[in-house]
Amino acid sequence: MNRIITLQEEVPNVYKLVVEAPDVARRCKAGQFAVVIPDEKSERIPLSISDWDPEAGTVTLYFLEVGVSTMKLARRKEGEEIDFMGPLGRPADIENYGTVFIGGGCYGVGAILPIVKALKAAGNRVVTAIEGRSHWLLYNKEELIKHSDRFLRATSDGSEGTKGKVRNVLDEQVDLGEKFDIAFFFGCTFMMMKSSKRAKELNIPCRVYLNPIMVDATGMCGVCRVNVDGMVKFACVDGPEFDGALVDWPLLFKRNRQYVAHETLAFQHNKCELHHHAAGDDGGGQCD
Amino acid sequence: MVDITMNGEDITVEDGKTVLHAARDNDIYIPTLCNHSELSPYGGCRLCLVKIEGFRNYVPACTTPVSDGMVISTSEEGLNDLRKGILELILSEHPSSCIVCDERDECLELHGESTKAGRITGCRFCPNRRSCDLFDVVEKIEFNDFRIPVEYKELPLHRADPFVQRDMSICILCGRCVRVCEEIRGVGAIATVHRSHDTTIGTAFDQPLTDSGCVFCGACLDVCPTGAISSKTTRWAGVPDETVTSNCGMCSNGCRAVMQFKWGKFTNVEPVQDGDNWGQVCLRGRFASVTTVNSPMRLEYPKVRTGDIQQPVNWEKALDAVVEGLKAYSPDEIGVVASPFMTSEDAFLLQKVFRSIGCENIATASKMIGPLQMAWRGQVDRITSIGTRDDIDDADAILIVGSDLSLDNPVLQTRVHKAAEKGARTFIVTEHPHNAYRGADVLEEPCPTGLMEDVIAALDSAGSCEGCSGDGDHEGGWAGTIAHTLMAAERPVIMLGQEPFAVEEDGVAVSSLILKLFKAVSGKALLILWDGPNVQGLMGSACVPGIGLDGELLKEAGPNKPPLGDGIKALLLTEPVSDIPDGVEFVAYMGPYPFDGIERADVILPTCTYADSVGTIVAMDRLVGSIETRARPPTMAKRDFQVLMDLGGRLGAEGLSNIEDPYDISTSTFVDYHIGKHIKEMDVSADCGPVDPSSPVNPAGKWISGPLRYRGLDITEASEDLGAVVRKWGWTE
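Protein sequence lines correspond, in order, to chains A and B.
Here this note's numbering is used: the first residue of the first sequence is 1, the next is one more, and so on.
Here this note's numbering is used: the first residue of the second sequence is 1, the next is one more, and so on.
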């Protein structure tokens, strides 16, 4: 069991989780993930690792509340213990490509940080772009600015930076004469699919970090299978990094919706927080 | 009628209607967010501004009544820009980035369901995504871009309340929820709180809803034009695959409701807007029902006992085991219990199968029937309510004995509230008083027998009280006041709840006194709030000792006997009973849930709930309703109808060959049942003749019933939120 050092809502629905896990912190590499189990009756949740500190023995992750298990995780308290294992997955392909474009959205805004850092350290010129639906959903900006050569933003409502998404930023930069040797995208499936398509049209190779449904995360169960270049790959051990141009996106969307009925009906029987009717605040309390 | 001109067209409108009504009646679109058909005009959102000749400013259509010769323009140049401006202000504090996102349509297509997040930060994260009144207005007035900065309010997310989640950061302050709570439900649990920019919808002093007087009817979430107030348990189901208008089967009120189904499962309940239940449902029917029906506790496999173990088997083996088990006993030794949660057709089939093998020991699991039979035999021809729920609307005095309606028949509260508001003096005599009534006198009485005796004793002096209007207090305390009020009233309505029937003797005594009182005050309606959704139906299905198939009370000692007495050695239960006698050697249980004592069962046959069955039920005021479904029974469970047909075939029951579906039974047997109509009411002045005191009645005392039970299951176990509410209300069974 691993102690929760920090658990806070960074922007609405996106939580920053810092876990005490010295063994994991010593071995982490950019692009890897960890599995978190909020309590003994929860699912195993794969979460991308956003930062680590081998000296302090801590690992930082950002996650989005998207269902019963992440809701339970978000309701845990600092100082409590959770099940935590990692690092898992193949590390990202880091080398000196030249000029790289890194796009992050949603939980990916937090998750791109190690890739930004590693690519920068490998000698690349790093252009980082993050997207959100509105300015109040953008976070981790200071950290990303620190490690990027250029830092750009996009919002769906145009309230900060470019109106649109990171791929609109990519377009803008290309139009301005910027030449990218490779692009990395980290975010929801929709964002990665659309961004990969755009990158392909612009003849820029791209890498994406897939987030299929996953159970054991060590290559045994095969639930996280994805189709890349016509071949079955397991995101947990063959990925999560893949060539975005080769991913079978419609299949991934279908597979991610496989348990939508169970995920939805699970809310009917979730007993979280019902015994805690704290006045006016956003609840809290144990799940059972 | 008045003549007006709208957009150049001459139209005639009923006097008293508003400009908005006139426009709607003539298919002219005027945007609005705060207006709702069930609520009084409010004029809050200002989106319905129109130009009327002779008026200095634009005026809101929802609060302006039409007058003769009015010349109105709803689409004048500049008006739409004005509305866009107002909408922009509303949207600037509502997470609306998805509304102006270029990829909205593609996103909707690929993300079939909303993301099940905690806070609603955009349409993709909103439970109301596919049925949003706000977005309808956005589309109609073609809003597509912001000129002013957008902000997120980031208010505390209220997710610790039972059943309901409130995300006030997306609230547009239309006030519909506040008004429905106050105007329709008469509760006033929520209001606009704080001022100016900080204004939000909340409870007094930000208390949890359980402390605010909320009755958890969910009316607020029905009228919310956004997803700010939503059901915690069902909010993410999205657009249903199928919907069907059906009766709710949780209580005897028989509300029609729109049942939603998705993935073969029961996913949500919404009220029927123009129905007998006034566009309302309740905490049991809306919230606890879905959780109960989909409960992981549901029985899914037929089982047969081998030694100490109840072993899952296939249906053939289970049904054979029932036949085998019953064969060992003579028909006299077999007892059958019918569940008042079954449809009339299923109950009729149950007794038909067992009567065809000569078994006459059939009774219905209702605590109320037996005491009512004992108290009323000889005075009435049948046992039903008199009058209908509509009589509450124009009642001038209401007496409710043995219920405060908050759990038994919560939807009736709406009518009682309206009647009380119109001036009907209302007395509620209950063991479990809550704070849901304003304008009613609530008397906490664990046993109302003494009070009722005093009321009857005071009737004489009340009757001779000249010029008495019943108002104010009278001699004799509450008893005297109730007597005076009822005597003075022209249209008094009396309701009898299930509380006194917890003890058989109290049930008999109160029933007797209530009938006496009803006759003495020439009551307009006497409503029996039965302890099951279809108790009334089962009394017409030959499942009650001493009552014939048409519901008439039998005068002579019939062949019926209560099924749990001496000599009973085998039982077929469709509803659990407490304390199965030691003498019973074989128990077959047919039902959807386990119960305390299920270990006694030799065979378990998993059946269905109302949300996965089909048939007819009769509500407390004799209203016939139908149960329809689009859900699949869980795993191997089957409908009661199918199980009884299969069992009947194996037992050699006759007359089943011409039955293919439940409605074959209703059309041939319940000829007086017409869905949406009332069955015959009891006659309190019928010449019933002498009664044989030995004639059987439905046994009382062994049944597990109550407002927190569904087919024997304690629904607070299936719905933890309901448990939290009833604990807060101090309710114990």
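Think of the hints as simulated: they come from the structure by calculation, not from any bench.
All values reported here derive from a predicted model rather than from experimental measurement.
Hints are supplied without guarantee of correctness; some may be wrong.
To be verified - The list that follows gives simulated cross-link-like pairs (lysine-lysine, DSS-like), each with its CA atoms no further than 27 angstroms apart: (1) B:Lys422 - B:Lys17; (2) A:Lys41 - B:Lys422; (3) A:Lys77 - B:Lys116; (4) B:Lys116 - A:Lys141; (5) A:Lys163 - B:Lys153; (6) A:Lys141 - B:Lys153; (7) B:Lys153 - A:Lys16; (8) B:Lys702 - B:Lys569; (9) B:Lys153 - A:Lys77; (10) A:Lys163 - B:Lys17; (11) A:Lys117 - A:Lys29; (12) A:Lys41 - A:Lys77; (13) A:Lys16 - A:Lys179; (14) A:Lys16 - B:Lys569.
Quick rundown of the hints versus the structure:
A C-alpha spacing of about 22 angstroms is found between Lys422 of chain B and Lys17 of chain B, which places the hinted pair at or below 27 angstroms, so the restraint holds. With a C-alpha separation of about 53 angstroms, the suggested pairing of Lys41 of chain A with Lys422 of chain B is violated against the 27 angstroms cut-off. For the suggested pair Lys77 of chain A and Lys116 of chain B, the alpha carbons sit about 21 angstroms apart, so the restraint of at most 27 angstroms is met. Distance check on the hinted pair: Lys116 of chain B and Lys141 of chain A sit about 26 angstroms apart at the alpha-carbon level, within 27 angstroms; holds.
Using a Cα cut-off of 27 angstroms, the hinted pair Lys163 of chain A and Lys153 of chain B holds, with the two alpha carbons roughly 21 angstroms apart. Taken as a hint, the Lys141 of chain A and Lys153 of chain B pair is honoured in the structure, with Cα atoms around 21 angstroms apart against an allowance of 27 angstroms. The hinted pair formed by Lys153 of chain B and Lys16 of chain A meets the criterion: a straight-line CA distance of about 21 angstroms does not exceed 27 angstroms. Only pairs whose Cα atoms come within 27 angstroms are accepted, and Lys702 of chain B paired with Lys569 of chain B is accepted, the gap being roughly 17 angstroms.
Under the criterion of a C-alpha separation no larger than 27 angstroms, the hint pairing Lys153 of chain B with Lys77 of chain A is consistent with the structure, at around 25 angstroms. Only pairs whose Cα atoms come within 27 angstroms are accepted, and Lys163 of chain A paired with Lys17 of chain B is rejected, the gap being roughly 45 angstroms. Pair hint Lys117 of chain A plus Lys29 of chain A holds up; C-alpha atoms about 11 angstroms apart against a cutoff of 27 angstroms. Our distance criterion of 27 angstroms between C-alpha atoms is met by Lys41 of chain A and Lys77 of chain A, whose separation comes to about 17 angstroms.
At roughly 34 angstroms between alpha-carbon atoms, Lys16 of chain A and Lys179 of chain A are farther apart than 27 angstroms, so this suggested pair is violated. In summary, the hint linking Lys16 of chain A to Lys569 of chain B is not supported, as the alpha carbons are separated by about 65 angstroms, beyond the 27 angstroms threshold.
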